[in-house]
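Please take these sequences and the hints and turn them into a complete structure.
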Amino acid sequence: MTIYILRRLAFLVLSLFLASAILFVLLRLLPGDPANALLSVGATEEQVQAARASIGSDRPAVEQFVTWLGEMATLNLGTSFISGLPVGPEIAARLVVTVPLTLLSFGLAVIVAVPVGFLAAYRANRWYGAALSAVSQLGIAVPIFWVGVLLISRFALNLRLLPAGGFPQNDWAEPGEALRSLTLPVITIAFVMSSSLVRYVRSATLDVLGSDYLRTSRSLGASFPSAMWHHGVRNASVPVVAILGIELATTFLGAVVVESVFALPGLGSMLLVAIAQHDYPNIQGILLTSTFVVLIIGFVADLVSRLIDPRLRGAPRAPRAAVSR
Amino acid sequence: MNTRSSTLIALALTAALALTSCSSAESPADETGSDATINIGSVYEPQNLDNTGGGGQGVTEALNGNVYEGLFRLTDDGEVENLLAADYQVSDDGLTYTFTLQDGVTFHSGAALTAADVKYSIEKVTAEDSQSARKSNFGVVSSIDASDPTTVVVTLSTKSISFIYNLSYVWIMNAAATDRKTTEDGTGPYTLDTWKRGSTLSLNRFDDYWGTAAANGRVVFYYYTDATALNNALLTNQIDVVTSEQSPDALTQFDNNDAYTINDGQSTTKLLLAFNDRVAPFDNVLVRKAVTSAIDNAKLLSSVWGDYGTLTGSMVPPTDPWYEDLTAVNPYDVDLATQQLSEAGYADGFAFTLDTPNYDPHPAAAEFIKGELAKVNIDVTINVITADEWYTKVYQSQDFSATLQEHVNDRDVVFYGNPDFYWGYDNPAVTALIDESELSDTAAEQTEKLKAANQQIVADAASDWLYLYPQIVVASTSITGYPVNGLNSQFYAYDIVKSN
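So the sequence lines, in the order shown, correspond to chains A and B. Under our numbering, think of the first position of the first sequence as 1, with each following residue one higher. Under our numbering, think of the first position of the second sequence as 1, with each following residue one higher.
Among the hints, erroneous ones may be present.
DMTMM-like, lysine to aspartate or glutamate: derived pairs with alpha carbons at most 25 Å apart [stated by the list, open to error]:
| hint | chain 1 | residue 1 | chain 2 | residue 2 |
| --- | --- | --- | --- | --- |
| 1 | B | K451 | B | D426 |
| 2 | B | K451 | B | D325 |
| 3 | B | K375 | B | D296 |
| 4 | B | K181 | A | E46 |
| 5 | B | K181 | B | D129 |
| 6 | B | K181 | A | D58 |
| 7 | B | K135 | A | D58 |
| 8 | B | K196 | A | D58 |
| 9 | B | K451 | B | D129 |
| 10 | B | K299 | B | E324 |
| 11 | B | K135 | A | E71 |
| 12 | B | K181 | A | E71 |
| 13 | B | K196 | A | D171 |
| 14 | B | K393 | A | E46 |
| 15 | B | K119 | A | E46 |
| 16 | B | K181 | A | D171 |
| 17 | B | K196 | A | E177 |
| 18 | B | K299 | B | D258 |
| 19 | B | K393 | A | D58 |
Because the hints were derived from the structure by calculation, they are not lab data.
Here it is, written out as structure tokens:
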């Protein structure tokens with residue numbers, strides 16, 4: 001296991017390096033010059049040159065890449081072309097919004113999706129089982145921004161229960177206020193996310209419910225809850241955990257839409273602005289941070305899967321028969 | 001059905017959070033009177049805090065006149081009045097300006113304002129690495145003398161009637177200040193409290209302000225990337241005022257609502273169909289006039305802005321002293337356009353590519369123009385480009401036939417006096433008039449010359465000035481004293497009063 005973790009960590013570092021190189025090249029392929037974002041109509045040629053020199057975009061790309069790699073090695077993500085602020089602290093300030101948003105949404109989605117998905121499978125033949133499936137199908141089809149707009153219109157504009165958008169200027173100094181700001185965005189993401197999760201939980205549960213081992217366990221006298229608990233849950237979890245990892249990563253990356261609808265100062269809205277301004281250091285920093293987070297999530301999801309499913313641990317020459325099938 | 005289930009989920013979570021949260025749904029600390037906080041909503045977040053270093057229009061909106069002051073102030077009505085300059089004299093030859101500074105002015109750091117700071121601030125705009133859009137206007141400055149701490153003497157190489165006006169957007173900053181992109185040291189009625197990037201920028205009243213103290217205690221600018229989110233914030237009282245609405249669609253929710261005031265103010269932003277006057281077929285005056293007459297600007301304006309906005313028929317907005325309504329010179333008249341085209345030798349029409357920035361309102365305007373010009377056999381190919389590409393391809397390389405672009409500045413008809421400008425309009429008579437106008441002794445003379453120049457520019461149909469944007473400020477009726485015109489994107493907050 002230790003060797004496995006070390007290997008995965010080495011792979012993680014290598015992935016990050018490759019990702020940074022790809023990012024760097026792709027960004028330079030974009031048309032346009034970041035110096036233009038600093039200037040306005042009426043700028044002279046000398047002003048353009050001065051702007052290029054001030055942000056270093058006049059130097060050869062290779063030189064810029066090496067400089068950037070050197071900075072990264074010292075955990076320094078550089079300085080924004082546009083604002084003149086260091087990128088690292090700026091990203092950290094945005095994570096204060098995006099990370100809680102992602103985790104709360106994820107938590108809520110799991111809390112809702114697991115029982116609902118189980119019920120949809122367990123009572124697939126009853127009307128409410130079918131209804132739950134249908135609702136989840138709808139949830140997958142609905143665009144996320146539309147859910148956000150709908151919730152704003154009902155709970156912020158009509159009922160005035162919650163803020164329509166924004167985040168407290170003092171961040172989490174008053175946790176109640178911060179939570180109120182995140183309530184509607186969290187529900188928005190959780191609704192869409194849980195809709196697809198319900199489908200996975202439902203199909204994983206259906207597989208288990210129809211399995212031979214469950215029937216065998218029942219025939220040996222185990223009650224349904226007991227058979228489900230001892231044999232069903234673990235088996236059903238394996239595919240669900242893999243999906244959870246992907247869903248979590250997708251939510252983190254997809255927060256940009258919800259952040260825009262709810263005017264949240266998160267990583268996604270920072271990325272939108274940075275792209276519009278060709279602010280390479282900010283774009284690289286954000287994408288690299290996102291890549292890192294996604295890799296870490298994948299790593300953790302893998303570890304959890306291995307803990308749940310002994311088959312994945314690849315114990316040397318473990319007889320296949322060890323697993324009930 | 002999904003709505004219902006989401007409503008149930010939402011209700012459950014709302015209830016849970018309501019228990020953990022002790023404050024009400026209304027915006028916090030709704031104080032009124034002289035210590036009130038004014039919450040301002042905008043889509044223009046500053047890129048940084050330096051207006052000579054690429055801060056963009058957001059930094060002007062938030063800091064101009066509020067945190068930083070110039071020797072002169074451009075009022076919301078377009079008048080120029082003394083600010084940090086208590087008084088000034090101009091020599092008989094019009095080349096030497098002597099400014100006497102206000103007494104008792106201190107920077108927010110506590111340092112006293114001196115002539116050296118003024119010299120430093122002007123030189124910052126004219127410096128080699130300055131990114132100020134107005135840099136070229138100060139090319140006439142030949143020397144600045146600050147040997148007396150309360151007097152600044154500026155010598156010009158030629159007369160410049162706009163010099164005082166130009167000084168109104170030069171921020172006077174402490175020469176000793178260092179990090180101007182993220183901090184400030186100005187003389188204005190507010191100090192910068194915090195700037196939370198991507199979200200808010202707050203200002204606190206400066207207690208040692210030299211002039212009349214601000215009528216409110218604190219100002220917070222809230223920034224939005226989404227216009228709907230911005231209007232929602234106003235509807236839920238998170239903000240008191242929106243500095244400039246981006247489309248008329250949202251206005252219906254504020255119309256006929258006693259809680260809000262919609263102000264239809266004057267803007268200086270023009271939407272242009274700019275021809276490349278250097279190249280065929282747009283090097284031909286008749287072709288430009290024909291295209292101008294073939295497009296129904298009134299219909300375009302109403303499709304974009306409903307009942308708002310103005311047709312001017314020229315580059316000059318009503319807030320410029322040399323404004324006159326010139327819409328009759330190139331009227332909307334398809335028959336006239338057809339006739340002009342055949343006179344110009346294009347009876348069968350022609351084809352051209354229209355470089356169109358990819359953000360509103362350009363793509364919609366391009367489609368409209370394509371439809372209008374099809375009626376006179378002109379075939380338009382719409383080429384959608386980013387703002388960056390526009391800057392490189394059209395503005396720098398001048399590699400285009402025609403383009404759409406918004407021009408935001410006031411008094412910018414003088415761009416037509418520069419034959420090297422991107423649109424390549426070159427009429428020596430106009431260039432001479434514009435150059436001479438700058439050498440005028442009186443404002444009346446300057447106005448007369450620029451009117452003559454503008455008439456010629458319109459007669460030549462140098463560009464097609466499609467329409468002048470409206471400037472729509474929507475505010476809660478609980479506040480008064482806010483600016484409604486927003487010239488050059490400025491937004492003075494110090495007179496805003498909040499009551500109940």
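Against the structure, the hints come out as follows:
{"no.": "1", "hint": "B:K451 to B:D426", "verdict": "holds, 17 Å"}
{"no.": "2", "hint": "B:K451 to B:D325", "verdict": "holds, 11 Å"}
{"no.": "3", "hint": "B:K375 to B:D296", "verdict": "holds, 12 Å"}
{"no.": "4", "hint": "B:K181 to A:E46", "verdict": "holds, 21 Å"}
{"no.": "5", "hint": "B:K181 to B:D129", "verdict": "holds, 14 Å"}
{"no.": "6", "hint": "B:K181 to A:D58", "verdict": "holds, 21 Å"}
{"no.": "7", "hint": "B:K135 to A:D58", "verdict": "holds, 22 Å"}
{"no.": "8", "hint": "B:K196 to A:D58", "verdict": "violated, 30 Å"}
{"no.": "9", "hint": "B:K451 to B:D129", "verdict": "violated, 35 Å"}
{"no.": "10", "hint": "B:K299 to B:E324", "verdict": "holds, 21 Å"}
{"no.": "11", "hint": "B:K135 to A:E71", "verdict": "violated, 35 Å"}
{"no.": "12", "hint": "B:K181 to A:E71", "verdict": "holds, 22 Å"}
{"no.": "13", "hint": "B:K196 to A:D171", "verdict": "holds, 10 Å"}
{"no.": "14", "hint": "B:K393 to A:E46", "verdict": "holds, 18 Å"}
{"no.": "15", "hint": "B:K119 to A:E46", "verdict": "holds, 22 Å"}
{"no.": "16", "hint": "B:K181 to A:D171", "verdict": "holds, 23 Å"}
{"no.": "17", "hint": "B:K196 to A:E177", "verdict": "holds, 17 Å"}
{"no.": "18", "hint": "B:K299 to B:D258", "verdict": "violated, 30 Å"}
{"no.": "19", "hint": "B:K393 to A:D58", "verdict": "holds, 18 Å"}
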